[in-house]
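Chemist: Below are the chains, spelled out letter by letter.
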Amino acid sequence: MKLTKLAAAAIAATIAAGPVLADLVFPSLDYRTGPYAANGIPFADGYADYFALVNARDGGIGGVAAKVVACETGYNTEKGVECYESTKGQGALVYQPLSTGITYQLIPKATADGIPVHSMGYGRTSAANGKVFRNIFNYPANYWNGASIAINHILAEEGGDIKGKSVALVYHNSAYGKEPIRTLEELSKKHGYKLTLLAVDHPGQEQKSQWLQIRREKPDYVLMWGWGVMNQVAIQEAANIRYPMDHFIGIWWSGSENDTLPAGDGANGYKALNMHNVGSDYPLYADLKKYVYDAGNAAGAGDQSGTVLYNRGMYAAMLAVEAAKTAQEIHGTKDITPAMMRDGMEALVIDEAKMAGLGMPNFGPSFSVSCENHGGPGLGAVQQWDASTKKWTLITEFGPSDMDVIGALIAEDSAAFAAENNITEGCN
Amino acid sequence: MLYREAGDFKTSYAKDQQTFPIAFDRWGYFITIAFAVLVVPFILNDYWSNAVILPFLIYAIAAIGLNILIGYCGQVSLGSGGFMAVGAYAAYKLMTAFPELNIIFVILLSGGITALVGMLFGLPSLRIKGFYLAVATLAAQFFLVWLFNKVPWFYNYSASGQISAPERSLFGFVVTGANAHPATSYLFCLGFVFVMAWAARNMTRGANGRKWMAIRDMDIAAEIIGVDPLKAKLTAFGVSSFYIGIAGALLFAVYLGAAEVGEAFGIEKSFLILFMVIIGGLGSIFGSFAGAAFMVLMPVLLKNIMVGQMSWPTDLASHFQFVIVGGLIVIFLIVEPHGLAQLWRLAKEKLRLWPFPH
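Keeping their order, the protein sequence lines are chains A and B. According to my numbering, the first sequence is numbered sequentially starting from -18. According to my numbering, the second sequence is numbered sequentially starting from 17.
The hints are simulated quantities; they were obtained by calculation from the structure and are not laboratory data. Bear in mind that the values here come from a model prediction, so they are computed numbers and not experimental data. Errors might be hidden in some of the hints.
To be verified - No more than 30 Å apart at the CA atoms, straight line, and that leaves these computed lysine-lysine pairs for DSBU-like: (1) Lys189/A - Lys166/B; (2) Lys112/A - Lys109/B; (3) Lys166/B - Lys175/A; (4) Lys166/B - Lys170/A; (5) Lys171/A - Lys166/B; (6) Lys199/A - Lys189/A; (7) Lys315/A - Lys69/A; (8) Lys146/A - Lys166/B; (9) Lys372/A - Lys189/A; (10) Lys271/A - Lys372/A; (11) Lys199/A - Lys166/B; (12) Lys146/A - Lys199/A; (13) Lys166/B - Lys144/A; (14) Lys31/B - Lys364/B; (15) Lys199/A - Lys175/A; (16) Lys175/A - Lys144/A.
Stated by the list, open to error - If the Cβ cut is set under 10 Å, some of the chain B residues that face chain A in the computed set are: (17) Asn61; (18) Ala67; (19) Ala175; (20) Pro182.
To be verified - Sample of chain B residues at the chain A side, in silico, Cβ under 10 Å: (21) Asp62; (22) Trp64; (23) Asn165; (24) Lys166; (25) Gly177; (26) Ser180; (27) Glu183; (28) Gly193; (29) Ala194; (30) Leu272; (31) Gly278; (32) Glu284; (33) Lys319; (34) Asp331.
Yeah, the Cβ is synthetic: ideal placement off N, Cα and C, and Gly gets one too.
Please construct the entire structure, taking both the sequences and the accompanying hints into account.
Modeler: Structure follows, in structure tokens:
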């Protein structure tokens, strides 16, 4: 019984994993099922559509076709490992796991295999220190930037003084949700606010007690580190207890249309951070319509176009394509390897002219990556939800975060990782 | 014709009572072991090791452990995920606190710590039975996950609450961490599986196993014939948790490399192991292997067929996977409520008579 099954699996896997050479392979460890699908689908669609556009419009990256290999992880780390192992043999250039848990798994594995990981705005924050995390990138901003930007926004709202104010953090009880706590604690020492921590267990459908506590303690501001179904439930609960929505700020993973729409008018005024611009008012969308949608090549159901997370998937794909182009220039070859891709990511420069040339003017901040800084500039903006027009709009500029506090934390955490794993810091 | 007792003469009691009394079985067993040790390590690649074989071997240990408790001693437990977490966190604390400690002792000690925790949570089994005991062990599951999330000491005060396994080697070969060769981690786990399955098989045939089975079949009658229920139930909980703890430690240290308790050791894990035991067959060591193989390999196989060969969209494939695995579970339980092990037993009975069934 056991042996026949093994044999059958062997045959299936060998046929399934026949490598296709000559394409540039970008695995997409996405999730279109499970409690996080509402957020996983738009990101995966945006990621796939941008590569489809590059293939159809430009004939690939530098003339070489890009191939997106999708693998369903369901936000589950064991499936994530399976996906990583099954796709890495096909020449995967860069992994974007879209899950902090899976990122933690992949950091040692990908480093050993020499494949770069781009955890854009998630994952292990101290990976911003490229001297320790040679293969891990988290530009353009990370969780600790996000925490600081949220506090900066509160400071701006309150006229610069939040001494004695209270801030509650509603967070997903996992590595993802726990990431900002250290930064928020440091910042509370600096600015003198009182921090309350409210953990929500996976998957986040049950939050009655947390919101009861918020109703009782009436914190001045509520921050949220949520994902998937947890976002929708939290926004609905906040609306139910009539918490002032403009004092409720989510991280960039808690601010998409799929999170706010279920709460209807109750979600009006809810704020979230963002690391790029919103909406579909870009020349790029005309190209997408012409080359991808109208050709019938849109990924998924094709109904996510223009949403916040679709834009983010597209942004991630754009950064990957630009890094691949940079790698092609540096090494003078079209068929780049994961090691070359890593060099390209480390030398990546994104400026306004480049974005405008791609049809995405003013889409995100300008930045450049270096060995010392894999985390980018850490800029972020605040967006607000308008329930009547069902649209997000940016209400602030891309503002800086408190790098004095964050830089010290990054140095401390990456040094701990380096000591645990016998890594000597350095750029060579 | 080949598969028969006739002509295979036993000259001692020991030979008469061996695990595989039929020569054909015995040779099959030796060949499987030889194949697993001498051939598999050389044909194994990263994908096969990390995605298929390692989880199968590790879950097989967990399934054997739970089978000892449920299948042999009749005590229902839904706390396996929590006990695996105890094994994993014990391994992490031991690895980081005593970097010189040999990895084998780390794993064994983790099992020992889990055994103590398991016996503690097994105490209610002396007063409550059946579904009520299941609920009590469910409490253990939730309590342990909450504990490892709440107390930062367990994850060495790391910012994210993640635990990650440092690199450890055995006889100069790296066993844990990302630099481990697939063959070394495979052989390391295989060694544990072999020893533990062998120990479980012999334990369940011996005095202890008979006591457990007496308790399972009728605890009052067992008490009357002189089985101490306290000792029998607590040893079952202890031995079972030892196995599950070792599985948890291996899952964390060798297979995953990094874990967080809510995601890796949640209630889903308890159900997964329970399904393995039920589908494989209660009260059978072979059944534990068959159940683990079914629950680990089937989804991977289905995924490779549907996405890899038939090029279905990943979400459709993933939904269908639930439908197919769920359907197969129902069909198996209707056709053969005693699990895959019973199918195997029936097949062997038929083979013995073949080709002259009358």
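Chemist: A separate judgement is required for each hint: does it hold in the structure or not?
Modeler: These are the hints, each one checked on the structure:
1. Lys189/A - Lys166/B: OK: Lys189/A and Lys166/B at ~19 Å, within 30 Å.
2. Lys112/A - Lys109/B: 28 Å, holds
3. Lys166/B - Lys175/A: 20 Å, holds
4. Lys166/B - Lys170/A: Roughly 22 Å separates the two Cα atoms, so the pair holds.
5. Lys171/A - Lys166/B: With a Cα-Cα distance of about 26 Å, the restraint between Lys171/A and Lys166/B holds, given a limit of 30 Å.
6. Lys199/A - Lys189/A: OK: Lys199/A and Lys189/A at ~15 Å, within 30 Å.
7. Lys315/A - Lys69/A: OK: Lys315/A and Lys69/A at ~19 Å, within 30 Å.
8. Lys146/A - Lys166/B: Holds: Lys146/A and Lys166/B sit about 26 Å apart, inside 30 Å.
9. Lys372/A - Lys189/A: Roughly 28 Å between the alpha carbons, so the hint for Lys372/A and Lys189/A holds.
10. Lys271/A - Lys372/A: 24 Å, holds
11. Lys199/A - Lys166/B: 24 Å, holds
12. Lys146/A - Lys199/A: Since the Cα atoms of Lys146/A and Lys199/A sit roughly 11 Å apart, the hinted pair holds (cutoff 30 Å).
13. Lys166/B - Lys144/A: 28 Å, holds
14. Lys31/B - Lys364/B: Between Lys31/B and Lys364/B the Cα gap is close to 20 Å, so the pair holds against 30 Å.
15. Lys199/A - Lys175/A: 12 Å, holds
16. Lys175/A - Lys144/A: 8 Å, holds
17. Asn61: 8 Å, holds
18. Ala67: 4 Å, holds
19. Ala175: Holds - the Cβ of Ala175/B comes within 10 Å of chain A, reaching about 5 Å at its closest.
20. Pro182: 6 Å, holds
21. Asp62: 5 Å, holds
22. Trp64: 8 Å, holds
23. Asn165: 6 Å, holds
24. Lys166: Where the cut-off is 10 Å and the nearest Cβ of chain A is about 9 Å from Lys166/B, the hint holds.
25. Gly177: 5 Å, holds
26. Ser180: 7 Å, holds
27. Glu183: 7 Å, holds
28. Gly193: 6 Å, holds
29. Ala194: Holds, about 4 Å.
30. Leu272: This hint holds: Leu272/B lies near chain A, its Cβ roughly 6 Å from the closest one there, short of 10 Å.
31. Gly278: 5 Å, holds
32. Glu284: Cβ of Glu284/B sits 9 Å from chain A, so the hint holds.
33. Lys319: For Lys319/B, the interface hint holds, since the closest Cβ of chain A sits about 8 Å away, which is under 10 Å.
34. Asp331: Holds - the Cβ of Asp331/B comes within 10 Å of chain A, reaching about 3 Å at its closest.
Violated hints: none; the structure is consistent with every hint.
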